[in-house]
Amino acid sequence: MILDMRDIPYFDAFMQVSEAVSMRTQNEEVLVFVDSHEYEKCMAIKGFAEILLECKTTVKETSGYYIIQIIREPPDNLTADHQKKIEAAA
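Residue numbering for the sequence shown follows my numbering, starting at 1 and increasing by one per position.
Read the hints as simulated data drawn from the structure, not as lab findings. Beta carbons are placed, not taken as given, at the ideal position from N, Cα and C, and that holds for glycine. Accuracy of the hints is not assured; some may be wrong.
[Said to hold, decoys possible] Beta-carbon label-pair distances, calculated as ranges:
hint	residue 1	residue 2	range
1	H37	E73	28 to 36 angstroms
2	D7	N27	27 to 35 angstroms
3	E73	D7	27 to 35 angstroms
4	E73	E19	14 to 22 angstroms
5	S63	S22	25 to 33 angstroms
6	M23	E50	17 to 25 angstroms
7	M1	A44	15 to 23 angstroms
Build out the structure end to end from the sequences listed, making use of the hints.
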């Protein structure tokens with residue numbers, strides 16, 4: 001899924017990222033585009049995804065904007081069998 005976060009308020013950006021991540025299954029990515037002059041928003045979205053949504057992120061800067069790659073992964077302490085049970089229940 002690709003999200004364009006250029007020139008939208010922080011709250012709306014967080015809500016869209018949260019909804020997009022919740023719709024994705026394990027190891028599917030969400031790509032978020034942010035203007036390069038909005039560095040603070042980029043780092044806020046990155047932190048939001050890592051801390052509150054427990055996702056892994058990478059940030060790349062290219063051609064005047066940042067691309068944040070967000071991947072939802074299960075916590076390290078879950079076994080594969082436990083993860084399958086969680087996914088089956090969802």
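Checked against the structure, which of the hints given earlier come out wrong?
-> Violated hints: none at all, because every hint is consistent with the structure.
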